[in-house]
Amino acid sequence: MITCRDMIAALDDLLSGALALDQGERIEQHLAGCRSCAAYLETYRLTIEAARQLPVGPLPSGLGERVWATLKENCTQEEQSTPEAQR
Amino acid sequence: MLGNEADAEDLTQEVFLQVARKLPTFRGEAAFSTWLYRVTVNAALSYRAKRATREEHRVPEPLEDFLENGAHRTPVRPWVTAPEQPVLNHEAHQLIEEAIAGLPEIYRDVFVLVDVEGLANPEVAQLLGVSVSAVKSRLHRARLLMRKALAPYFEERAA
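Sequence lines, in order, name chains H and R. This note's numbering applies: residue 1 is where the first sequence begins, and numbers increase by one. This note's numbering applies: residue 1001 is where the second sequence begins, and numbers increase by one.
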């Protein structure tokens, strides 16, 4: 018999379709009679969906300029420390 | 992966510098994006290892809310308002970001790389230097923890 704990442990395989056929049937039977597990499955799925839809946030203000300034500063230092520059 | 914006900015600068220096060594054997992910993830792991404020390594047990017979300790309530609904955008996104930042590092890494960035499990396994089954099990636990962190908010709205 499948318990709620077994059910939650198998959620990942259930959603990715990786369960063995008989295991999938037992899970389906459990889901049909357990409202908590049905709610858990749906909210687990929503959690994944929400993460997938997270937008790429705007870059912090001035980050591009700061990265560019760091790059320039380091390139200048490296150029000055090359043997050609020291001659 | 770093859990806060200030460290992420420092790391971004480091990664740009590294990419500028190492670009000549990129041999085109892998896609540029794969190489860039590798450089970035390696830099993030190294940055975190050096960071003075170490996260406590106690990892919570997400499967704790069960009775001895394996049944749910308390009924699980549905979320009437789903976190991906556009109407909730700003507030929900902030909440999700905070929940991600609150994940233990080993779970946060896989959650960010797989569920947020959309990389495949084998790719993440390679990036993090762990087995595919470790990625799979960490990802499942990360999702359980995320669901647990988000539930009070979305259940509350449903009430």
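Incorrect hints may have been included.
Said to hold, decoys possible - Once the Cα atoms are required to be at most 27 Å apart in a straight line, the calculated DSSO-like pairs of lysine-lysine come out as:
no., chain 1, residue 1, chain 2, residue 2
1, R, K1136, H, K72
2, R, K1050, R, K1022
3, R, K1136, R, K1148
4, R, K1148, H, K72
Just so you know, these hints were derived from the structure itself, not from any lab. In this text, all values refer to a predicted model and were calculated from it rather than measured experimentally.
Which hints from the list above does the structure break, by number from lowest to highest?
1 and 4
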